[in-house]
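Asker: Here is what each chain is made of, one letter per residue.
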Amino acid sequence: MNKALNINKGKLLRYAPVAVLAVLMPLFFRNFSYGMLLICFCAIYIIAVSGLDILYGYTGQISFATSAFFGIGGYGSLLLHNHTGLPIIITMLIASVISCVVALILAYPVSKLRFAFLSLATISFNHIIFQLVTRSPGGITGDFNGAFTEHMNIFGLDLKESWKFYYFALVCVVIFVSIKSMIVNSRVGRAFLAIKQNLHAADGMGINVRKYKVYAFGLYGFYAGFAGSMYVHLVGYISPETVAQQQSVIFMIMILMGGVCSNWGPVVGAVAIILLQEILSHAEQYQLLVYGIILLIFILFLPGGIVGETKKLFSRLKWRKKGVINA
Amino acid sequence: MLKVENMTLRFGDLIANDNICMEVPNNKVIALIGPNGAGKTTCFNCISGVYTPNNGDIILDGVSIKGKKPYQIHGMGISRTYQIINLFTEMSVIENVIVGMHDSMKSNFFESMFHTKRHRKEEKEAYERAIELLEFIGLKDKANNAAGSLPYGEQRLLEIIRALASNPSILLLDEPAAGMNSKEKEELDNIIQRIMKRWDLSVLMVEHDMDLVMNISEYIYVLNYGKLLAQGTPEEIQRNPDVIEAYLGGDD
Chain A
1 MNKALNINKG KLLRYAPVAV LAVLMPLFFR NFSYGMLLIC FCAIYIIAVS GLDILYGYTG
61 QISFATSAFF GIGGYGSLLL HNHTGLPIII TMLIASVISC VVALILAYPV SKLRFAFLSL
121 ATISFNHIIF QLVTRSPGGI TGDFNGAFTE HMNIFGLDLK ESWKFYYFAL VCVVIFVSIK
181 SMIVNSRVGR AFLAIKQNLH AADGMGINVR KYKVYAFGLY GFYAGFAGSM YVHLVGYISP
241 ETVAQQQSVI FMIMILMGGV CSNWGPVVGA VAIILLQEIL SHAEQYQLLV YGIILLIFIL
301 FLPGGIVGET KKLFSRLKWR KKGVINA
Chain B
1 MLKVENMTLR FGDLIANDNI CMEVPNNKVI ALIGPNGAGK TTCFNCISGV YTPNNGDIIL
61 DGVSIKGKKP YQIHGMGISR TYQIINLFTE MSVIENVIVG MHDSMKSNFF ESMFHTKRHR
121 KEEKEAYERA IELLEFIGLK DKANNAAGSL PYGEQRLLEI IRALASNPSI LLLDEPAAGM
181 NSKEKEELDN IIQRIMKRWD LSVLMVEHDM DLVMNISEYI YVLNYGKLLA QGTPEEIQRN
241 PDVIEAYLGG DD
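Protein sequences, first through last, are from chains A and B.
Mapping of the first sequence onto the working numbering: position 82 corresponds to residue 82, and the numbering continues sequentially without gaps.
Mapping of the second sequence onto the working numbering: position 250 corresponds to residue 250, and the numbering continues sequentially without gaps.
The set of hints was computed from the structure by calculation and includes no laboratory data.
It should be emphasised that the depicted structure is a prediction, and the values quoted were computed from it without experimental measurement.
Any given hint could be a false lead.
[Unchecked claim] Here are some chain B residues pointing at chain A (derived, C-beta under 7 Å):
{"hint": "1", "residue": "His74"}
{"hint": "2", "residue": "Gly77"}
{"hint": "3", "residue": "Gln83"}
{"hint": "4", "residue": "Ile85"}
{"hint": "5", "residue": "Met105"}
{"hint": "6", "residue": "Phe109"}
{"hint": "7", "residue": "Phe110"}
{"hint": "8", "residue": "Met113"}
{"hint": "9", "residue": "Thr116"}
{"hint": "10", "residue": "His208"}
{"hint": "11", "residue": "Asp209"}
Ideal Cβ positions, reconstructed from N, Cα and C, are used throughout, including at glycine.
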């Protein structure tokens with residue numbers, strides 16, 4: 001059967017052990033709340049990187065502005081909550097919608113660009129947002145000092161402790177990853193893939209290329225914005241560092257390292273980078289060097305990322321077992 | 001019916017298509033031939049919206065399609081294949097066909113996003129129809145292979161069936177037999193005839209293989225240096241001294 005048709009029941013069953021593990025996770029980290037916090041960060045990054053996967057992995061549009069949308073979501077929710085006092089979950093959604101709309105507006109002109117020029121355009125956009133955040137009108141964002149806000153709570157239910165936040169984040173990850181999975185296995189997702197693989201043929205087959213490129217940007221903006229708004233209410237604080245260009249590059253490394261066009265790619269990529277950041281936390285000056293080397297290794301030798309290359313390996317082993325390929 | 005009226009396309013000083021007039025009546029196979037560089041593919045690109053002609057008009061069933069984008073023209077019922085194979089190589093064979101159905105599917109963005117009942121039904125129907133189409137062209141067994149892994153001749157067939165998936169009223173075939181061996185060419189001849197029987201459409205075809213052209217086309221237009229050199233039935237074209245000269249060179 002076509003995998004695009006319906007969610008395979010057997011596949012859902014395969015997720016069962018993962019689900020059990022995910023639900024029991026806080027038990028393993030009972031005496032290690034810092035670890036729990038890191039896992040919360042992973043969850044947040046998984047959502048942002050999933051959005052980037054829709055844009056880059058499926059539609060083939062590169063973006064170095066993920067942290068800008070992350071920041072729009074983060075600062076947006078912070079400002080909305082601090083100034084209007086609306087419930088956090090509402091301000092998070094509004095901020096994500098704002099991020100989505102900004103992405104749509106940005107996408108309309110830049111969707112004509114490809115590869116290097118699209119990279120440059122998104123880098124410029126990231127800088128614009130960074131400048132806005134650090135030199136905000138009336139200093140509402142706290143400029144270089146950053147700004148504080150309340151910790152996560154849902155209509156009074158306090159989620160300040162990381163293990164509580166973790167369950168909220170887990171639900172969000174499941175929702176966002178499922179929606180991504182449904183989109184990419186639909187008419188829209190096929191159009192995305194067609195555009196990535198052969199722009200001219202997609203156009204010739206009746207796909208409004210620009211419209212779908214803009215759609216992909218909108219989704220990406222929403223995903224990154226929501227992740228940013230989660231971040232700000234987990235930490236209770238946001239600083240311009242979050243919006244910096246370097247952070248956007250790290251999102252890109254996450255997707256390349258994890259692997260594009262899969263549900264697990266962003267998960268693996270986010271976890272790997274968070275672990276790496278921890279390992280290198282005492283050697284901060286070497287972080288960029290290590291990222292650079294990793295990026296090169298993946299681009300040159302492992303273009304499928306960890307997930308893609310593992311899948312390739314397994315399918316090769318399977319064929320070999322069947323004796324189809326003896327090479 | 002497709003009508004090309006006094007179509008001219010210039011690239012700077014070069015006139016790629018000069019005042020071309022053509023008609024493609026319903027349910028006919030029409031061929032467009034000419035030496036290399038005569039402007040045949042350019043003419044196709046004008047009809048399918050890749051280029052917009054500088055002068056003249058292109059009319060499909062009484063409506064001008066000049067200046068429309070390729071995806072819009074595809075939606076109006078003109079579907080095409082490419083001289084250089086233009087498949088979605090990493091997608092499966094069947095996905096390629098379903099992409100061809102894109103604008104006949106109606107579910108919108110949010111229906112796709114949440115896999116509503118209508119979307120699931122539509123996907124199922126598309127899948128079944130794609131299998132049927134692949135069976136028609138003899139690629140059913142390879143439905144789940146990557147399109148790029150097919151041999152050359154089969155990739156050409158896949159392009160044709162992908163173009164047919166949208167139920168076009170005009171099918172543009174740009175050198176469908178290029179790179180095919182004689183057996184594959186025979187099969188192609190057979191397939192085009194079966195397509196004419198099964199679908200209510202016209203074929204406009206650019207082709208260099210004269211056996212194929214003379215065998216299946218009912219009317220032929222000959223282009224040379226961007227201009228229409230001759231037109232007529234296959235018999236008339238074969239006897240036309242201008243055409244013979246253009247292909248074989250003059251005496252002087």
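Asker: Checking against the hints above, which ones are violated?
Answerer: 2, 3, 4, 7, 9, 10, 11
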